[in-house]
Amino acid sequence: MLKPTPFHERTTALAQSWKFKDWAGKVAISAYDAHSEREYFGVRHAAGLMDASPLYKYDLYGPDAAKLLSRVATRDITRKFGVGRVTYCTWCDERGHVLDDGTISHLAPEHFRLTSSEPWLRWLLRHGRRLDVRVEDSTDRLGCLALQGPNSRHILEQCVDFDMDRMRFFRVRKTRLDGLDVWVSRTGYTGDLGFEVWVDRADALAVWDALMANGQRFGITPMGLDALDVLRIEAGFMLQGVDYFSSKSCIIEARKSTPHELGLGQAVDLTDRAFPFVGQEAIEAELKRGHKWALVGLDVSWPELEALYEEYSLPPHLAPIACRDAVPVYQEDGRTQVGQATSHTWSPLLKQQLSLASVHPRYAKPGTQLKIEHTVEYERRVVTATVVERPFFDPERKRTTPGRA
Amino acid sequence: MATEYDAIIIGGGHNGLVCAAYLAKAGRKVLVLERRPVLGGAAVSEEVYPGFTYTVCSYVVSLLRPYIIRDLELVKHGLQLTPLECSYTPEADGPGLCRWPDPHRTREEISRLSRKDAEIYPEFGKAMGRLARFAKEIIDKPAPDPASWRPSDLMQLLGLGRRFRDLGDDLGAIQFKLSTMSAVDFLDEWFESDTLKSPMSVSGIIGTMLGVRSPGTAYVLLHHYMGEIDGASRAWAFAKGGNGEVSMSIARSAMSFGAEIRTEAPVHKVLVKNGRATGVVLDNGDEIRAKTVISSCDPRMTFLRFVGEEHLPDAFATGIKRFKFRGSSGKVNLALDRFPEFKDRPGIGPHVMGDIAICPSIDYLERAYDDAKYGDFSKRPYMNIVFPSLLDPGMAPEGKHVASIFVQYAPYHIKEGPENWPSRREAFGDAVIDTLSEYCPTLKDSILHRQVLTPWDLEQEFGLAEGNIFHGELSLEQLLFQRPTSGWARYSTPVRNLWLCGSGAHPGGGVMGAPGAMAAKMMLQQGAV
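Top line first, the protein sequences correspond to chains A and B. Note that our numbering has the first sequence beginning at 1, numbered continuously upward. Note that our numbering has the second sequence beginning at 1001, numbered continuously upward.
All clues given are correct.
List time: in silico EDC-like cross-link candidates among lysine to aspartate or glutamate, alpha-carbon distance up to 20 Å:
| no. | chain 1 | residue 1 | chain 2 | residue 2 |
| --- | --- | --- | --- | --- |
| 1 | A | Lys398 | B | Glu1073 |
| 2 | B | Lys1029 | B | Glu1004 |
| 3 | B | Lys1126 | A | Glu306 |
If you're looking for bench data, these hints aren't it; they were derived computationally from the structure. All figures in this text were calculated on a predicted structure; none of them were measured in a lab.
Next comes chain A alone, as it looks inside the complex:
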């Protein structure tokens, strides 16, 4: 049985497509229309509003809150992480295998918020036993709206008590939106200029209405998960449960990943720490050994895809939405498997067929030519895919701050 989110009344009324989906036990919208394309372009060219409430959220209070998070997650946030900062992070089990990834926001002195794709209350409580910290599962208390796209800043400007031009990338602010208390963070999962608005359940509908009303003249469009899947692949973001698996749910070791295998090395602070994080020793050992996998972006050759379909007298037929069927990735010979591609999409913007893949590190260098499996007319074939830098799409507006010269 699925439960409603705080925005359920609004989102479900607008979803004339009746395309719903289970997201962490909540009703989520896949697409508001028959196609997700309008929502996709809404985000890339104007603004999209998505109910992201099913994300797990934990609020941590107390003098040891930073300590607990720095012990659990691979980042050391006990220093140089002032109020108002947000960071992307990951956390591991004792063997250094990734459990999940999410963000940590420093909301106020002795108040942090962690987001995740899976529940981690028990894990947090276990590691916080001897610390002076209170952990609240705020998942159901808070609604979260992702407002993403080039016009998102203009929309918020209309309704928040804060100069949005000064809001920097990966920062969070407590403010009032149409008189209602909210947290606004400049974060998101689309790789575009964008924000997330965090609000108490009771005020959720009013915040939705305010954003929709103020967004009207900026082309705001409600957006579902189908569009998000295309957007996040263009942004090069992996997804837990698709591109990698939380070690807690893996039956075999081979399925598990380390932060470095997922390209999250930047989020791992190994030096100058007052205390180690969970899994640190294993990760240090791995670094000496070298890791087994590397997460890469692949640009699948469109001319080859076209030629392949041509052999069957077919036009290139690709699903209009992102696809999560994992397929083998081979060396250039098309026979020796060197990894697997786990997420794929046609990028309507870049006119490219994109994949996220895990390959052996020696094949991870940008420019490396590999082969990816592609099925046409029930026959498995291969086409060339070139390793490219992630993100595939990286607009300047994502991180620039107009208020700062």
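With chain A held as given, fit chain B onto it using these hints.
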């Protein structure tokens, strides 16, 4: 002048810029010369009335080749294309017709007119989609010349023949019909509803001096289905900032590869010495030398004005003189104080976020053509309207709007003579506004400014011969190996080191960039630049 370029490109329209970008990307030293102060040619955005940006001439993008977007990294250089939501055919007294990307919704709409048509509509799309692949093969490759007997041309023709065979008997027959029938006759074989057929038939006549019942117009219908097979599900898109931004993104790409671009640099003549182009002379007398000169202007301007008949073989000059332009359309751009609602479907909604076609019936379209045949503009013209401000609010101040209205027929050759178009301009503008007011009763009260472009204006201001938006009619006899004239469809010309890269070359007009890209590739491949 001391500086020598590998290539000078005459004209900074989208094709000239595409050609420049490809050549610069290949390491060539390229100079683009544009006569006007703004880049884009007929793909241009200008703030004609303060605060309101008009996408002055061309206004949508349908066939911009995806490989060009990839190769030239146009998204990185600012290209933002939003697919149009809907094709709406309003009626003065009736419910009108909307065709949506959602097939169920479209079926429902068409069912109100004819249940039979609603059922066959997707099958028609499928057949056209398959044929469009055949046509796409044509637009993405240089035209093969059957008379050349060159092995590569013959192989290419053989490939096309094989494709034709693969279409199967049914589709092969359709393809043949498409090449010979009128748009209306062809559609009559599929559909019964006039309200459905008339907006579908108009794609066969855009930019030609033909009517929807003229033979040969069916072929151009196919172009409509071509954009749908490059992974995107819809053909038409609006560029943020108007079509000028398409040109600007290409210009930025070209400059990032090192191309040099000069505006307000009108070319006077192409320098020809011993049958070879050696550079250009500008209006101000400056001479600029280059190894090759590439013209993105139409064939008439290129050969008869810039080169001069004296440098051309007789047969070729005759061919160019016979090349038909016969511009048949005008453009009206409006700045609006508020949105002019449509009678049959009031309000701002997804139905007006696409293209809106004023063509209530086939007879209406044919009558519009009747006026034109005898040297007058249509009293009740066909119009294709887009409200750019609904798709990109930045095009107009808050709450205000711009309308882009493509109007056909406005024949270049009016009975008063084309040079008398200026005295007919406002009457033409009035006919457009009067007609549209029948669908949008409040339109007249909301107009803050109107820009009326007659075919004469298109010729004088944008250098389009006889105001033809495609640099020459897109009729079957002027396509493929006949564009611009037989034997010279592969971008080279009888003047050595002079090349064509504009819409007057294969595969023709529209904001697709294909002539520019293929000309560049051909020159690089042949070591001509």
